[in-house]
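Asker: Here is how the chains run, residue by residue.
There are 2 protein chains.
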Amino acid sequence: MTDRDDPEEFRALAHAVVDWIADYRAGIAAHPVQPQVEPGSVRAALSPLPERPQPFDALLAELDRVVVPATTHWQSPSFFGYFPANASLHSVLGDMLSTGLGSQGMMWATSPACTETEQHLVDELAGALGLPETFTFTGGGGGTIEDSASSSALVALLAALHRADPGWQTDGVRGDERIYVSAETHSSLAKAVRVAGLGSKALVVVDPEPGGHALSPDALAAAMSADAGAGLRPVLVCPTIGTTGTGTIDPVRRIAEVAREHGAWVHVDAAWAGVAALCPEHRSVLDGVELVDSFCTDAHKWLLTALDASLLWVQDGSALPAALSLTPEYLRNPASESGAVVDYRDWQVPLGRRFRALKLRAVIHARGLEGLRAHLRGHIALAEEFAGWVTADPRFTLAVPRSLSLVCLRVVTGRGSEADDAATRQVLERVNASGSAFVSHTVVDGRYVIRVAIGAVTTGPEHVTALWDQLCAAADAVLAESRS
Amino acid sequence: MTDRDDPEEFRALAHAVVDWIADYRAGIAAHPVQPQVEPGSVRAALSPLPERPQPFDALLAELDRVVVPATTHWQSPSFFGYFPANASLHSVLGDMLSTGLGSQGMMWATSPACTETEQHLVDELAGALGLPETFTFTGGGGGTIEDSASSSALVALLAALHRADPGWQTDGVRGDERIYVSAETHSSLAKAVRVAGLGSKALVVVDPEPGGHALSPDALAAAMSADAGAGLRPVLVCPTIGTTGTGTIDPVRRIAEVAREHGAWVHVDAAWAGVAALCPEHRSVLDGVELVDSFCTDAHKWLLTALDASLLWVQDGSALPAALSLTPEYLRNPASESGAVVDYRDWQVPLGRRFRALKLRAVIHARGLEGLRAHLRGHIALAEEFAGWVTADPRFTLAVPRSLSLVCLRVVTGRGSEADDAATRQVLERVNASGSAFVSHTVVDGRYVIRVAIGAVTTGPEHVTALWDQLCAAADAVLAESRS
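Protein chains in written order, with our numbering: chain A, 2 to 485; chain B, 2 to 485.
Quick caveat, the hints were computed from the structure, so don't treat them as lab data. Please note that a few of the clues may not be correct.
Okay, the calculated bits of chain B under chain A, using three or more residues with CB under 8 Å as the criterion [what the hints assert, rightly or not]:
#: 1; stretch: 31 to 40
#: 2; stretch: 46 to 57
#: 3; stretch: 170 to 177
Simulated restraints, written as ranges between beta carbons of each label pair [what the hints assert, rightly or not]:
#: 4; chain 1: A; residue 1: G447; chain 2: B; residue 2: P281; range: 54 to 64 Å
#: 5; chain 1: A; residue 1: P49; chain 2: B; residue 2: W390; range: 32 to 42 Å
#: 6; chain 1: A; residue 1: V444; chain 2: B; residue 2: E9; range: 40 to 50 Å
#: 7; chain 1: A; residue 1: A27; chain 2: B; residue 2: A184; range: 54 to 64 Å
#: 8; chain 1: A; residue 1: T135; chain 2: B; residue 2: D446; range: 42 to 52 Å
Backbone N, C-alpha and C fix where the C-beta goes; we use that ideal spot for every residue, glycine too.
So that you can see chain A by itself, here it is in the shape it has in the complex (with noise of 0.2 Å):
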């Protein structure tokens, strides 16, 4: 053994990791979705860190006896829970070759590869999703792939308030900085609002358009005109496309509008639904986008690409960097300050970066733009189905209109909404502790919701057909229960 790479023991390794990826993904249907497990388990069951050298074929034996059981299978056809996080097969190929490459591409001279092949992708991907030009480095503007919706949002914030103020830099926020979200808009604008030293005083929670869940252009208006009356400043108006609990669709165009007037960033948080425009059908979800600061989808999420790659563009190319750059002498390098290139560390948080890009170039090299939308179509026209039953079933009510591929129903029983929550709560939970599907909840007008996120990328129509099984089972169970 020695303490050097031997890229031949590589070879014989990797290809037996190869067949436990294989064979675990082929065999991924024979596990319980969540499993059941106590805390500390784990734990207890893991062997302790060796002094010498062990087999590797003891770590696969430790992954099948301690970490698999102990899995919650994201992969799973009969994945429903929160938003899908497709690892497809394709992209974990390409996430092999960038960390066999192990490129660090903190700034383009630290790998001129790694950065251009980010630039190419999010140019080409702009195209296809139907963005203006001017989100493309080529007009103007630019993308990058962050690690998470989360952090899109925040370098969007810093963006937004190093362009309101460029005296943040030296003197730090103000206080009168104002965020504009909706209820429903994610919980990480609110996180970037704390990260970012604004304080929970600083998030505006625009009323929603009325007998809807949307946040209301007029509401906002009326806000922010009251804040600007006031002192205050408006510097950020994040609308969502497709929000977590509900997957409703603000209306952007107008939203944008009115942000304007008050000079404030608009910041698109569509980490799950905007990939849907892909598909020329699906691609009114982008109406008004040309009017927006910045825009965010996750191929973490739908589209096919393992975590972490969440695409970020701009329509301002040097917002980002203007407002995040801070050089030290080590990073200095002559095509950097030759303005030619792009250090795509000032496009985010942390400093070093992995190669994202060839994850979801190795997808879509695989499958092509039509097997992307291939894939968005099927689990919208399952969900559409699966809608349908819940619409025709009495057990079962429909709590918000179906949005794309989320479909979030509440079970009735016939007496009152309490009683509806409490049976809602139980079918969830008898399904999930079946192992034979998850979902998961939330929570809309103040009433319990099951939410059906289909997007695994290996459900078909046999999973959707055995959920909704599932569920009418559970169903029948509880009304009965609740009426004996």
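Got chain A; can you put chain B on it based on the hints?
Answerer: Using the frame of chain A, we list chain B on its own:
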């Protein structure tokens, strides 16, 4: 071609990918370490995103044709720049397993194994490093794996702000916060201060100890007292164990004693050098660490683990969740509410997270802790030898004393400091342009310095000798030119 994953297709393609990686690593020394490419050339050479599926071979061919020739080969044995980014092949295996599992470990409930494997790893590793038990979950503290030391510094700062004034969550920063660093502290601290909304006015650069570069505890005491007397609040001080420029080790114990008098949080940035504490003979680098609040060292620099894996420990296991937690309805679950589990989303800025622990666990499994120590000791011994050559050679001088595996040198022209600066820069440019090795630079006390960071996974005596020969040849040429 189906739009679902096919594990058998993956098995075949992944074996080809494994061979590609093994071949790339086996032949890596044949590439120029830093490519000579023009900005834009990679973007121009990449194929557009295809509409229809393409054979996977074509992607590998494009890597060979476009990507590899424009890659800075961080895994080359002749890469001596910045700090190393160890993507050992054992860590590649672990990362493959992580991506293959496709877990999303934002909360314990979303994959108990992902969370507890990480808890187990950081607890065990704390022991191996000689951190006090109070940094472990077992001892009331705890650790996590962030993406980068930059993010570790940011969350430590946020925890410090919260501890200093919990009203921070509602009211934001106050403007009276002060953060103490040295001129050698990594720029990520200044970035964290900016991100957190404090502005550069909050950043106090403390004088060094006389005749050195380490942060002076006496100067810190004076600065903190003066600030406190002026009504400002010392919130955090960041000593570094192994600064990026020169490898300087700040006197952590005395700094922490000063900080305690003012209730300031002490965050130790040991991103590069902290791992040396695995070796008992280097454990003194941690002297005083029992007095600090948080400690960070990167497994992805010098501990054989592919990006991204920054290890962060805190003595108060509730500090990060207290500062960062924020729970929307759709993330509520019984395990979290029981208080019996750790939800790592509350230890970081992003929500989603990869199963990062596996890649480090794979490394330690395959090499044993003794293999890690051998890796570190080998580089330190090489650096010691290299520093001896520098000291003995009239063409060169050490700019600062060797620190572990980092050697900082200058060319000596005999014609004054400015001539030395110019010659040193020319030598660096010649070596890097040759492609046979890569070194980076910094500026120390206003003088240009070549940094030789020995630490790539496959670097051995032959590569260090070759670098020395290159430096000598370049110095001869530069000195001859300057005399002519």
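Asker: May I ask which of the numbered hints given earlier this structure violates, with the numbers listed in increasing order?
Answerer: none
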